[in-house]
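Quick mapping for you: the protein sequence lines, in order, are chains A and B. Using this note's numbering, you'd call the opening residue of the first sequence number 1 and step up by one each time. Using this note's numbering, you'd call the opening residue of the second sequence number 446 and step up by one each time.
These are calculated hints, taken from the structure and not from any lab test. Since we're looking at a predicted model, the values are computed, not measured. Please note that the accuracy of each hint is not assured.
Claimed, not checked - If you anchor each label on the Cβ, the simulated ranges turn out as follows:
#: 1; chain 1: B; residue 1: 461; chain 2: A; residue 2: 99; range: 42 to 50 Å
#: 2; chain 1: A; residue 1: 325; chain 2: B; residue 2: 770; range: 22 to 30 Å
#: 3; chain 1: B; residue 1: 598; chain 2: A; residue 2: 51; range: 47 to 55 Å
#: 4; chain 1: B; residue 1: 772; chain 2: A; residue 2: 284; range: 24 to 32 Å
What the hints assert, rightly or not - Where chain B lies over chain A, by a calculated footprint (3+ residues, C-beta under 8 Å):
#: 5; segment: 72-78
#: 6; segment: 108-115
#: 7; segment: 410-422
We treat Cβ as the ideally placed atom computed from N, Cα and C, and that holds for glycine.
Protein chains: 2
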Amino acid sequence: MYDLLIQHATVLQVANGILSVLPQHDIAIVDRRIAAIAPEISPGLARETLTADGQLAIPGLINSHAHTAMSLFRGVAEDVPIEEWFNGYIWPLETNLTPEDVYWGTLLGLAEMIEGGVTCVADHYFMMDAIASAVQESGMRALLAWTLFSGADDQQQINTARQFVEQWHGAANDRIRVWMGPHSPYTCTPSLLQRVAQTARELGVGIHIHLSETAAQVAQSIATYGRSPVLVARDAGLFDVPALAAHVAHVSAEDIETLATHGVAVAVTPKTEMKLGIGVAPTLSLRSAGVTVALGSDGAASNNTYDILEAARLLALLEKLRNNDARCMPIDTAFELATVAGARALQWDGIGVLQVGARADLALVQCTTAHTQPLHNPVATLLYSAQSTDVTTVIIDGRIVMRDRVLLTIDKPRVLREVAARVERLTQRQTERRIAVYPELTADT
Amino acid sequence: MYDLLIQHATVLQVANGILSVLPQHDIAIVDRRIAAIAPEISPGLARETLTADGQLAIPGLINSHAHTAMSLFRGVAEDVPIEEWFNGYIWPLETNLTPEDVYWGTLLGLAEMIEGGVTCVADHYFMMDAIASAVQESGMRALLAWTLFSGADDQQQINTARQFVEQWHGAANDRIRVWMGPHSPYTCTPSLLQRVAQTARELGVGIHIHLSETAAQVAQSIATYGRSPVLVARDAGLFDVPALAAHVAHVSAEDIETLATHGVAVAVTPKTEMKLGIGVAPTLSLRSAGVTVALGSDGAASNNTYDILEAARLLALLEKLRNNDARCMPIDTAFELATVAGARALQWDGIGVLQVGARADLALVQCTTAHTQPLHNPVATLLYSAQSTDVTTVIIDGRIVMRDRVLLTIDKPRVLREVAARVERLTQRQTERRIAVYPELTADT
Chain A
1 MYDLLIQHAT
11 VLQVANGILS
21 VLPQHDIAIV
31 DRRIAAIAPE
41 ISPGLARETL
51 TADGQLAIPG
61 LINSHAHTAM
71 SLFRGVAEDV
81 PIEEWFNGYI
91 WPLETNLTPE
101 DVYWGTLLGL
111 AEMIEGGVTC
121 VADHYFMMDA
131 IASAVQESGM
141 RALLAWTLFS
151 GADDQQQINT
161 ARQFVEQWHG
171 AANDRIRVWM
181 GPHSPYTCTP
191 SLLQRVAQTA
201 RELGVGIHIH
211 LSETAAQVAQ
221 SIATYGRSPV
231 LVARDAGLFD
241 VPALAAHVAH
251 VSAEDIETLA
261 THGVAVAVTP
271 KTEMKLGIGV
281 APTLSLRSAG
291 VTVALGSDGA
301 ASNNTYDILE
311 AARLLALLEK
321 LRNNDARCMP
331 IDTAFELATV
341 AGARALQWDG
351 IGVLQVGARA
361 DLALVQCTTA
371 HTQPLHNPVA
381 TLLYSAQSTD
391 VTTVIIDGRI
401 VMRDRVLLTI
411 DKPRVLREVA
421 ARVERLTQRQ
431 TERRIAVYPE
441 LTADT
Chain B
446 MYDLLIQHAT
456 VLQVANGILS
466 VLPQHDIAIV
476 DRRIAAIAPE
486 ISPGLARETL
496 TADGQLAIPG
506 LINSHAHTAM
516 SLFRGVAEDV
526 PIEEWFNGYI
536 WPLETNLTPE
546 DVYWGTLLGL
556 AEMIEGGVTC
566 VADHYFMMDA
576 IASAVQESGM
586 RALLAWTLFS
596 GADDQQQINT
606 ARQFVEQWHG
616 AANDRIRVWM
626 GPHSPYTCTP
636 SLLQRVAQTA
646 RELGVGIHIH
656 LSETAAQVAQ
666 SIATYGRSPV
676 LVARDAGLFD
686 VPALAAHVAH
696 VSAEDIETLA
706 THGVAVAVTP
716 KTEMKLGIGV
726 APTLSLRSAG
736 VTVALGSDGA
746 ASNNTYDILE
756 AARLLALLEK
766 LRNNDARCMP
776 IDTAFELATV
786 AGARALQWDG
796 IGVLQVGARA
806 DLALVQCTTA
816 HTQPLHNPVA
826 TLLYSAQSTD
836 VTTVIIDGRI
846 VMRDRVLLTI
856 DKPRVLREVA
866 ARVERLTQRQ
876 TERRIAVYPE
886 LTADT
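Could you put together the complete structure from these sequences and hints?
Written out as structure tokens, the structure reads:
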């Protein structure tokens with residue numbers, strides 16, 4: 001007996017690394033896993049059925065780097081450079097946040113992600129208890145990391161993060177996992193980084209960190225430590241455990257070799273990196289060297305959305321342009337970045353693919369609209385024509401969390417009301433009060 | 446008495462070149478023009494009312510360069526360089542087209558544009574009678590140009606284009622205008638370009654042409670004519686009439702000066718230019734020199750959509766990245782490119798703005814979704830968070846052409862059926878049979 005049967009989808013199957021398009025196929029789910037993909041499975045064998053005529057079935061998209069609660073700050077800091085973005089807007093505004101704000105902001109961001117076909121997110125923020133609760137309730141799959149900054153209370157922060165790992169790692173039937181989250185080498189001392197690495201080793205978890213976002217950060221690191229941020233992170237022991245580095249826009253050949261050797265994955269967040277004008281990782285070079293490159297949204301205060309289809313499209317377009325080569329990132333590769341590469345980056349087996357035995361994390365995408373017809377090439381349609389609003393139905397860990405555009409696990413009207421009630425207080429801005437300070441950097445430091 | 450009253454919108458008004466956000470305003474329309482924008486207009490004065498609570502009212506977006514009927518070929522030629530795209534796919538496939546195919550393909554593309562808030566398109570294609578009929582029926586506003594290529598029948602082509610101008614220019618209450626459309630200097634001889642310019646002068650219409658799409662085209666032009674495509678076009682007299690040049694990705698300082706001096710506008714189509722890896726016009730330099738830069742989609746065979754919001758977003762993101770400057774294309778400028786700059790590029794007064802006296806071409810955009818809330822900054826929301834599917838209602842020339850996502854002038858189910866019935870025949874591909882030949886070019890020709 002199947003728990004759920006999806007009928008008549010055009011399935012973008014990824015099996016053993018090969019993407020194939022299976023027209024008019026059914027997908028059966030048992031015990032939170034995909035049990036069968038076949039042209040015709042008897043509906044008599046299923047407790048529940050969903051018809052997917054005219055829809056693509058795709059593996060759930062993976063958002064490999066986000067600050068989900070920053071949905072609260074969508075659009076507050078436009079057209080400003082990164083220093084002003086941090087010091088003038090974001091870090092002052094974040095002093096206003098309470099755990100309740102973070103909880104509601106996370107639910108808003110998760111609602112948007114689910115509506116856009118995202119079924120797993122690597123989230124990096126603070127007040128993570130509130131975030132873990134929101135993730136648990138929403139049915140989302142998440143890899144959480146409590147952001148640490150150097151300050152007077154380094155040990156207390158490490159203790160908090162450790163307790164968070166102990167409480168939540170593996171929770172919700174293993175839908176929630178927890179890594180350690182030092183913010184970056186420019187906001188954490190080498191000593192803090194070393195202690196975080198030590199804690200991660202003891203706990204048997206990985207590290208999620210920001211690295212080399214800007215050329216100025218790299219120059220500053222070399223001036224201060226004689227080494228790039230990538231090498232500072234390596235030398236602190238951060239790469240002795242599973243590691244996921246966001247951005248990594250500015251890398252030397254030695255950096256790339258180091259990332260490859262240590263199996264460190266990179267989460268590129270193209271929209272944020274373009275919008276702040278800070279640079280986008282050399283995806284092709286990283287991939288050639290064997291580095292896993294996945295896609296993230298970053299926070300909505302810089303990206304303005306949590307749209308991973310858009311991220312895949314942007315990165316493919318950008319690479320084609322800057323390499324003057326229409327062939328250099330084919331549609332299959334862009335699709336891989338948003339799915340199976342995300343699973344590799346989070347070191348999470350059994351997600352990011354549609355194949356028998358995989359976790360039942362998937363989305364259905366409507367392809368009968370004026371902007372997606374005719375359907376000559378389903379993968380191209382998904383990447384270059386579909387919008388995240390074309391996602392109709394989302395299943396995470398075998399559970400339907402959105403059906404026909406209706407969220408089933410999140411009370412969206414309530415979330416929107418709670419967020420609206422908080423907006424005025426949250427946008428009171430006292431720039432002398434900040435959660436951290438972005439250092440004055442210049443590219444030629 | 447007003448013909449139509451829109452109530453309670455957040456109005457992105459553009460008056461005298463200044464963008465301002467007017468919360469909770471009403472818009473009254475009389476005789477196809479905007480008669481009033483005010484906080485409260487009595488509904489008793491209106492024959493029909495639309496409520497727009499939670500929605501932005503924006504000037505209709507202008508698509509300054511499209512091949513609308515190419516919706517038929519969405520997704521047929523992915524991940525191929527421009528030579529192969531033309532010679533291996535598009536120009537062979539276009540030999541299959543009949544006027545009926547072009548008619549239905551145009552309606553499909555127009556449906557997509559209206560659904561995405563586009564109210565005016567500059568279309569460049571052949572079998573333009575069929576296209577003009579589709580435009581007339583759909584209620585769209587359009588500047589049409591019949592594409593000319595050099596061949597055995599140059600004079601016959603000019604005659605056809607001339608008759609098309611005479612028949613359609615100013616039709617449908619001036620919703621349809623017609624210019625001449627020589628394809629490009631690499632497919633038209635200087636002699637044909639001269640005769641087209643002469644015809645345009647005689648008819649009192651403008652010229653819509655492709656210029657300098659690739660570095661190789663520029664090198665080839667210099668090798669053949671001793672001048673860039675921009676200068677070839679100028680010397681043929683094309684800039685002695687109103688002129689709109691698509692792409693213009695590769696320009697010298699002399700080219701930019703020439704475009705500025707002659708008031709030639711540039712239609713940038715960032716998604717196509719990125720996707721084919723051919724280069725994107727230096728928008729900031731062009732604007733600094735006084736050249737009008739507007740946004741186009743190009744055809745759906747290269748862009749895969751007709752989404753002008755996406756084009757604005759892409760160009761802003763790209764300029765910020767390649768200038769390493771988050772400030773260099775602020776949200777107001779990107780909005781201008783998609784609206785009022787389009788009107789300037791098409792030399793069409795009274796569109797592209799929301800102000801009293803302007804043509805009633807506008808769109809309402811839902812901003813109560815998870816991906817657009819909270820609404821800290823309506824212009825940023827439109828540009829960086831909204832999707833074209835968030836457009837709910839579209840008015841062109843005072844007529845409601847889409848209401849609450851339902852098209853009122855296009856029978857979309859029929860269009861989708863007609864297109865589906867044509868797909869198999871249209872994608873039969875004999876590469877030795879082409880409507881034109883893309884020359885073998887190399888950048889160092």
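### Query
Where does the structure disagree with the numbered hints, that is, which hint numbers, in rising order?
none
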